[in-house]
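Peer 1: Given next are the chains, with one letter for each unit.
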Amino acid sequence: GNSVTQMEGPVTLSEEAFLTINCTYTATGYPSLFWYVQYPGEGLQLLLKATKADDKGSNKGFEATYRKETTSFHLEKGSVQVSDSAVYFCALRDDKIIFGKGTRLHILP
Amino acid sequence: NAGVMQNPRHLVRRRGQEARLRCSPMKGHSHVYWYRQLPEEGLKFMVYLQKENIIDESGMPKERFSAEFPKEGPSILRIQQVVRGDSAAYFCASSPLEVFFGEQFFGPGTRLTVL
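Order-wise, the sequence lines are chains A and B. Heads up, the first sequence is in the working numbering, so the first residue is 1 and it goes up one at a time. Heads up, the second sequence is in the working numbering, so the first residue is 110 and it goes up one at a time.
Treat the hints as calculated values from the structure; they're not laboratory data. A few of these clues could be false.
[Stated by the list, open to error] 30 Å max Cα-Cα, derived BS3-like pairs, lysine-lysine: (1) A:K52 / B:K153; (2) A:K96 / B:K136; (3) A:K96 / B:K160; (4) B:K153 / A:K101; (5) A:K60 / B:K153; (6) A:K49 / A:K68; (7) A:K96 / B:K171; (8) B:K160 / A:K49; (9) B:K153 / A:K77; (10) A:K56 / B:K153.
[What the hints assert, rightly or not] Covered, in the sense of this in silico footprint (three residues per stretch, anywhere, with C-beta under 8 Å from a C-beta of chain B), are these stretches of chain A: (11) 39-53; (12) 94-104.
[Claimed, not checked] Sample of chain B residues with no beta-carbon within 12 Å of chain A, all distances over it, derived: (13) R122; (14) E177; (15) E181; (16) G182; (17) P183.
For every residue, glycine included, the Cβ atom is placed at its ideal position computed from N, Cα and C.
Kindly generate the complete structure, drawing on both the sequences and the hints.
Peer 2: Set out below in structure tokens:
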């Protein structure tokens, strides 16, 4: 069946560091891929998405490229801020949305 | 335009009691989805509803759990005879009429604690 695997956290970085959170997927079809962010005490918010191979989703300085050949959708940001501290979920949508377990990110000032 | 609203935000129940979780979708959205998030886990799909219809309940436990989305009023996720393992955060999401399992907008969740 379809599944999403993302790197385990927590990930702790200093402000202005480069961020990568790895995500790989298994799917029988051609799913859409998403990154969601969950701030403390809140629900999930869509951060970015890509609907087909080689698409790049971007938002708020975050980027992820849909790589069909490596079945990956890694999240990157060039310079993180303290306000980026949150839990990040990679997800795919085929007939329903399947989430990874989430990666908790701590950014130190 | 108010976002997806869920209440209560926190709910404490003793084993054997009933839990009722409510979700009001965004204005204009008639598709509602319920998810459960266990500690340190991702969200697991439970059920997808449209007004007065259950479209997909493949993620719902076979017993004690039920969901409805009446013509008027919020969607309700009902858990009967709660057990400690039901303790989790329950999230509701909604999407517009014309989007099928497309972009979903999430509520803040209800955190259920079973004592």
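Peer 1: Each hint: holds or not?
Peer 2: Evaluation of the provided hints:
1. A:K52 / B:K153: Within the cut-off at roughly 24 Å; holds.
2. A:K96 / B:K136: Holds. K96 of chain A to K136 of chain B sits at ~22 Å (cutoff 30 Å).
3. A:K96 / B:K160: Holds. K96 of chain A to K160 of chain B sits at ~18 Å (cutoff 30 Å).
4. B:K153 / A:K101: OK: K153 of chain B and K101 of chain A at ~10 Å, within 30 Å.
5. A:K60 / B:K153: Given pair K60 of chain A, K153 of chain B holds - Cα atoms ~27 Å apart, limit 30 Å.
6. A:K49 / A:K68: holds, 14 Å
7. A:K96 / B:K171: holds, 19 Å
8. B:K160 / A:K49: holds, 27 Å
9. B:K153 / A:K77: Distance of about 27 Å is within 30 Å: holds.
10. A:K56 / B:K153: holds, 26 Å
11. 39-53: With 7 residues closer than 8 Å to chain B, the segment 39-53 of chain A meets the three-residue bar; holds.
12. 94-104: holds (count 8)
13. R122: holds, 20 Å
14. E177: Consistent with the label, E177 of chain B stays out of reach of chain A, its closest Cβ about 19 Å off (over 12 Å).
15. E181: For E181 of chain B, whose nearest Cβ neighbour in chain A is about 24 Å away, the distance exceeds 12 Å, so it holds.
16. G182: holds, 21 Å
17. P183: holds, 15 Å
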